[in-house]
Amino acid sequence: MVTLLTAVGFMAALGLLLALVLVLANQRLYVYEDPRIDQVEDLLPKANCGACGEAGCRTFAELLVKGEVEPGKCTVNAKATNQRIADFLGVALGSGERRVARLACAGGAHVARQRARYAGLASCRAAALVSGGGKGCAWGCLGLGDCVAVCTFGALSLDAHGLPVVDESRCTACGDCVDVCPKDLFSLHPLSHRLWVACKSRDAGDEAEHECEVVCTACGRCAQDSPEGLIRIENNLAVIDYSRNALASTVAIERCPTGAIVWLEPDGRVLKGRDARRVVRKGALPIA
Amino acid sequence: MALLSSLFQSGSSKTFAHGIYPVEHKELTADKPVRRLPFAPELIIPLAQHKGAPAVPLVRPGQEVVRGEPIARAEGFVSVPMHAPATGVIRSIEQAPTAEGPKAEALVLRVYEAASQQVLYGAECDPLALAPEAIVRAVQEAGLVGLGGAAFPSHVKLVAPKGRVIETLLVNGCECEPYLTCDHRIMLEQHTTLMRGIHIALHATGARRAIIGVEDNKLDALRHLRAHLPSDGRISAEAVRSKYPQGAEKMLIKALLGREVPVGGLPADIGVAVYNVGTLAQMGELLPKGQGLIERVVTVSGPGVERPGNFLVPIGTPVRFLLDQVGLKETAGEVILGGPMMGMAVASLDVPVTKAVSGVVVLEREDQDLAARHIYPCIKCGDCLRACPVSLNPSLLGELAAARQYQTMAAEHHLDQCFECGCCAYVCPSNIPLTQYFRIAKAINRDIQRRKEH
Chain A
81 MVTLLTAVGF MAALGLLLAL VLVLANQRLY VYEDPRIDQV EDLLPKANCG ACGEAGCRTF
141 AELLVKGEVE PGKCTVNAKA TNQRIADFLG VALGSGERRV ARLACAGGAH VARQRARYAG
201 LASCRAAALV SGGGKGCAWG CLGLGDCVAV CTFGALSLDA HGLPVVDESR CTACGDCVDV
261 CPKDLFSLHP LSHRLWVACK SRDAGDEAEH ECEVVCTACG RCAQDSPEGL IRIENNLAVI
321 DYSRNALAST VAIERCPTGA IVWLEPDGRV LKGRDARRVV RKGALPIA
Chain B
-9 MALLSSLFQS GSSKTFAHGI YPVEHKELTA DKPVRRLPFA PELIIPLAQH KGAPAVPLVR
51 PGQEVVRGEP IARAEGFVSV PMHAPATGVI RSIEQAPTAE GPKAEALVLR VYEAASQQVL
111 YGAECDPLAL APEAIVRAVQ EAGLVGLGGA AFPSHVKLVA PKGRVIETLL VNGCECEPYL
171 TCDHRIMLEQ HTTLMRGIHI ALHATGARRA IIGVEDNKLD ALRHLRAHLP SDGRISAEAV
231 RSKYPQGAEK MLIKALLGRE VPVGGLPADI GVAVYNVGTL AQMGELLPKG QGLIERVVTV
291 SGPGVERPGN FLVPIGTPVR FLLDQVGLKE TAGEVILGGP MMGMAVASLD VPVTKAVSGV
351 VVLEREDQDL AARHIYPCIK CGDCLRACPV SLNPSLLGEL AAARQYQTMA AEHHLDQCFE
411 CGCCAYVCPS NIPLTQYFRI AKAINRDIQR RKEH
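So the protein sequences, as listed, match chains A and B. According to my numbering, the first sequence is numbered sequentially starting from 81. According to my numbering, the second sequence is numbered sequentially starting from -9.
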């Protein structure tokens, strides 16, 4: 009986002692954390996508509470949710235009020539290391979907011609596809950038058109038709100066002979000019 | 199978640990003497055929050039000049397809009809009377690069790094890649220039001795070289076991000298310089005449070729022209520049033969998709560990690569020591494309490194 009581007593004393240590530690080592951080974090999407430029939603929430960033910087949240954060913290909403990833290539299997058949690991990076991957255009999309595999948000999928399509409603502009593409075809753009050159080929004229039917041939018509300084031809490619984006209109696309420069409508339609070649082919071009 | 074939190898030959025994297929061209071909109507001469800075053009479009004339100069020390491989006119300087993939700047030379094979350009000299520094300069001016496939400027290796002395010159006559026989033919046919080249390299480096390493499947070449060794006793020739990748620099050093190059180091760190037989034969040929490298021996072989052989091909000859000359079979499939193990399949026959191309191998079209060969999970058999010549763990590296842990591969598992010989992928019973994984990993790590620097 005594043995039993001793054991119970000893354990109770030990428990009290350790509890005391914990109480003291809690008081001495306490770090104050603003409770608003947790509350703000709950209003963030918690996707940790990094589109705001911070390491994740927690870091962003900390900076929000400190007042160093504006809620509008989170481009993934709905505007109303960001407004709730702004109201909660008593700050201005701030502006942060939603950005999405865009692909600078339209050369699917139905319009771009394939010189050789690549037979190996199904990865764009692997194919690019074997003599460029076999596509006639040395700059074009290889269509093996490294970007689709790397996208955490399911915003990318390959279409029937093997070209990745960005689902703008899902894209968080995290930039993973930008990093993974061996041909550097993706870049992040605000939704207001509607004028788009879907090509990166540095070939010009007939030589370029021989490889791909929707290539930018560097004819320069878009640059001539647009307000001065909006579009320039650089390395046989039309380059849009987005600092003058306000000047952009569908005028630029009208006379493009191949339809390499396009106008992206907010509803997802891709407008080509009236002179652009109509591609009716559905199947892939033969390997030649 | 590997065990069986190892029994048949002459066990006395020196070698390194691990490695594989691929089927050699060298009988297709081993007895075919080196022949010349007519000039292609147009030669494409990329300005970056070597490791280091691309050459800078000395000519402009429309200019006439004579066979052997310099047409591009070296840019800095780790770079070499280019010489006109034929008499003709420079049509343009343009972006041309390369075997690596991205287009790169190249000189396009339209060859005159009935252009002579005679080289009219050059200034004769006696290299052995020159000071070592003058030889280094002369080797650079000759545009010489490692002709074994690495295309590293040869003159750079003639200068020992500060604090190092080159004691031994190893002459690489292994030619361990299946199908290739160009070095075999060079050893049989060009022993005079080879010995002269070795003497020049000995003189320039200050090395005391030179050892020629020849795989024991080329004993005729070994006997031939031994019969023609100079009497001063500084040059010897030894047999090494016919095993892949015996011709890799570090493997040859291990086999002949029993020494290992430190991780991340150069052969010069242990007093060794390694040269391919083709490089030294060209050195012995070109330096006394004061000429530049304008052609090289290329083995054109494989089951897809009608008339395989060894050819002296002007630099810049399009692969398409070369294959037209030897004839392609109906069944021809993949075209590989270099050997089938480390060579590169090309996506376009418009790419030219460059200084680095030792062979053009045409395989037969596979009945079914090679890509469709299913990739099975790793069964941890360990065959790849037994094959890897640099003793890495390809199995583990492969799993890390599949999980995209590229940085871990480099930081903790010595990915950078892999020289992509392909042994691991060759032996893998699960068809795991290990070498391809490692090449992706290295490319992505290079990308990350580049982004950090910007």
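Since the hints were made in silico from the structure, they are not lab data. Be aware that one or more of the hints could be misleading.
Straight line, CA to CA, 35 Å or less: simulated DSBU-like cross-link-like pairs of lysine-lysine [said to hold, decoys possible]:
hint : chain 1 : residue 1 : chain 2 : residue 2
1    : B       : Lys152    : B       : Lys244
2    : B       : Lys432    : B       : Lys93
3    : B       : Lys93     : B       : Lys442
4    : B       : Lys319    : B       : Lys4
5    : B       : Lys442    : A       : Lys126
6    : A       : Lys362    : B       : Lys93
7    : B       : Lys240    : B       : Lys41
8    : A       : Lys159    : A       : Lys126
9    : A       : Lys153    : A       : Lys126
10   : B       : Lys22     : B       : Lys319
11   : A       : Lys146    : B       : Lys442
12   : B       : Lys244    : B       : Lys93
13   : A       : Lys153    : B       : Lys442
14   : A       : Lys362    : B       : Lys152
15   : B       : Lys279    : B       : Lys22
16   : B       : Lys370    : B       : Lys152
17   : A       : Lys126    : B       : Lys432
18   : B       : Lys152    : B       : Lys319
Lys370(B) and Lys152(B) were given as a pair; does the straight-line alpha-carbon distance stay at or below 35 Å?
Violated, because 45 Å separates the two Cα atoms, which is more than 35 Å.
Pair hint Lys240(B) and Lys41(B), alpha-carbon separation not exceeding 35 Å
Given that 35 Å is the threshold and the Cα spacing comes to 19 Å, the pair holds.
Check whether the Cα positions of Lys159(A) and Lys126(A) lie no farther apart than 35 Å.
16 Å, holds
Are the Cα positions of Lys22(B) and Lys319(B) separated by 35 Å at most?
Holds. Lys22(B) to Lys319(B) sits at ~19 Å (cutoff 35 Å).
Given the hint that Lys152(B) pairs with Lys244(B), test it: the Cα-Cα distance must not exceed 35 Å.
Measuring from Cα to Cα gives roughly 24 Å; hence the hint holds.
Lys362(A) and Lys152(B): Cα distance at most 35 Å?
64 Å, violated
For a C-alpha distance cap of 35 Å, please report whether Lys362(A) and Lys93(B) respect it.
29 Å, holds
Proposed proximity, Lys93(B) with Lys432(B) (alpha carbon, max 35 Å)
21 Å, holds
Given the hinted pair Lys244(B) and Lys93(B), is their Cα-Cα distance within 35 Å?
The given pair, whose Cα atoms are some 38 Å apart, is violated under the 35 Å limit.
With a cut-off of 35 Å on the C-alpha distance, tell me whether Lys279(B) and Lys22(B) pass.
27 Å, holds
Can the restraint linking Lys319(B) and Lys4(B) be considered satisfied, given a maximum Cα separation of 35 Å?
39 Å, violated
Restraint check for Lys146(A) with Lys442(B), where alpha carbons must lie at most 35 Å apart:
Distance of about 29 Å is within 35 Å: holds.
Consistency note: the structure conflicts with the earlier hints numbered 4, 12, 14, 16 and 18.
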